[in-house]
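Following the hints, complete the assembly by docking chain B onto the known chain A.
Protein sequences appear in the order of chains A and B. For the first sequence, position 136 (counting from the first letter as 1) is numbered 136 according to my numbering, and the numbering increases by one without interruption. For the second sequence, position 12 (counting from the first letter as 1) is numbered 12 according to my numbering, and the numbering increases by one without interruption.
All clues given are correct.
Pairs of lysine to aspartate or glutamate, EDC-like flavour, derived with a Cα cap of 20 Å:
1) Lys-128(A) - Glu-110(A)
2) Lys-160(B) - Glu-152(A)
3) Lys-160(B) - Glu-77(A)
Hint data in this document are derived by calculation from the structure and do not stem from the laboratory.
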Amino acid sequence: MQPFIQFESVSKSFGSMTVIDSLDLTIHKGEFLSLLGPSGSGKTTILMMLAGFERPTRGTITLDGMRIDQLPPHRREMGVVFQNYALFPHMTVAENVAFPLEMKRLPRHEIARKVARALDMVRLGSLKNRRPSQLSGGQQQRVALTRALVFEPRVILMDEPLGALDKQLREHMQLEIRELHKRLGLTIVFVTHDQSEALTMSDRIAVFNAGKIEQIDSPHAIYDTPRTRFVAQFIGETNLIEADVVNVQNGHATIALGADLAAKVRSGPELQAGQKALFSLRPERMRLGAEPAGDNSLGMTITDCIYHGDHMRVQLARGNFTFTARCERLAGDWTVGTQVVVSFDPRDCTVLTS
Amino acid sequence: MFRTAQTFFGLLVVTFLLMPIVAILPLAFTSSVFLTYPIEEYSLRWFVELTTADAWRLSIMNSLIIGLGATLLSTVLGTLAALGLRTKALPFANLLRTMFLLPMVVPAVVLGVGMQMLFVNLGVASTYPGVIIAHAVLCVPFVIVSVSASLQGIDPSVEKAASSLGASPVKVFRRVTLPLALPGIISGAVFAFATSLDEVVITLFVAGPNQRTLARQMFSSIRENISPTVVAAALLLIIGTLCLGGLAALLRWRQERIALRAAP
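If we strip away everything but chain A, and leave its shape as in the complex, we get (with noise of 0.2 Å):
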């Protein structure tokens, strides 16, 4: 895949506050990107500076080899869909998809043959004469999508789109614009801070915190093996511990967790002996049993079970060293007290240094 559009040391400021710092980014041609990251992590910045909304302070933007960092919005051939949908309210339906084909000044019947196959496409052509107004929430998203699409930009770029729809429709959604981006080959860059959102669309994930991009990587690797401690905590649910490094060899390394604890861990080449760690295990991850089972088995006690429907979340603990651990259901004898043997996998568990 060739970089189809590039960050170079990116800053952007406002007033004496600095919300990207010297970003580096590239995003390839066709691939479906995600921003994600808390408020105020400035992925919305990102995605504005390319929407040529805002101009970064230092730094370049190029797209496709040209830099278009000072060109203005109008002229950079993106299409942006807004958090709310921002439609033009005083347009129809169609009139709404035919405004970027008019501002590209396509003749008349050539517009009206698009719109209606846009509109078709994402099956609202029976209702191009309603008003904004008159939609619900998610045929007013699709609208702003087909308009953003319609008139065939470079890129697509999403701010949140999802954000105000309900649960069901937002999955739904999910799909349409994942299956839309399959079929048509679109570069999209998508602005999120709903992780799952994010794991289930994309096809590569840049992490935002305090203007600085944590980790980019696919979707599998940002969730298996997080590369710094906010990543590995703002990703799904996991148990972080302060750990230490006690020998590595072939490999392998072993990591104490407390006084009379240790676990067994896939090292690399960046693990030493003495080293101080985090040590990070998913809670899904870990097996409840009776028995010891494999590498690493711990013996804890239950201190609390919480039902969720679909799963159970099992606090455990040693001493005062606590685990959460997920699990589909229970043995039917155990309850709040009960010694158990927890087990995981070495190649479960993430060790951050740093």
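The following block gives chain B in isolation, referenced to the frame of chain A:
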């Protein structure tokens, strides 16, 4: 109990405000030359007088000319000012806004004296352009308030969306901002016209005998000879103002509906 007292007090206030108007209006239809009750015979002679007597006819024409001129001028200036005040990075925006709204609070007499002296120096005293400019100064704040309100109802992302879809700033303004602000502009224009229509004080200072407006003519005629024509003219003004007020309310209602629509 409290509810009843509230309603009663409300009615009392409304009566207090409307009584003077209600009391005098029937006299427009008297056939007598005196402004007194009881009305012995009803007639429309004073309305006929209003449309035939030169002084009255001319004053009605003047009011329309000056009113339309002031409306046009103040609507254009007020709309531009409201658009400018919306600029995010404008320094001293609040100070500027206050300055623009100042003509609403400065005593008309003070404005009148100042304008008269200025206009004499500029050579526009006692001319139509002079009176139109003077009225426009008073009308601009109404336009700014009304247009600003409707601009505030526009979701900024709608304009951003337009520009991302390929619209140049001029196109964004023509195709999105202007149509969405139009109800506010029109209702501002209505307020401006109504303001010009009943303006007397500044007119006294800057207008010559040729620019005598209807309000000004009423003012002088009530001092010279108290004729029921004044009441007939008042009735016309009230009906005109009510119609304009109704129009403005209608537009405001439409604007609120559009603003509601714009919300997701």
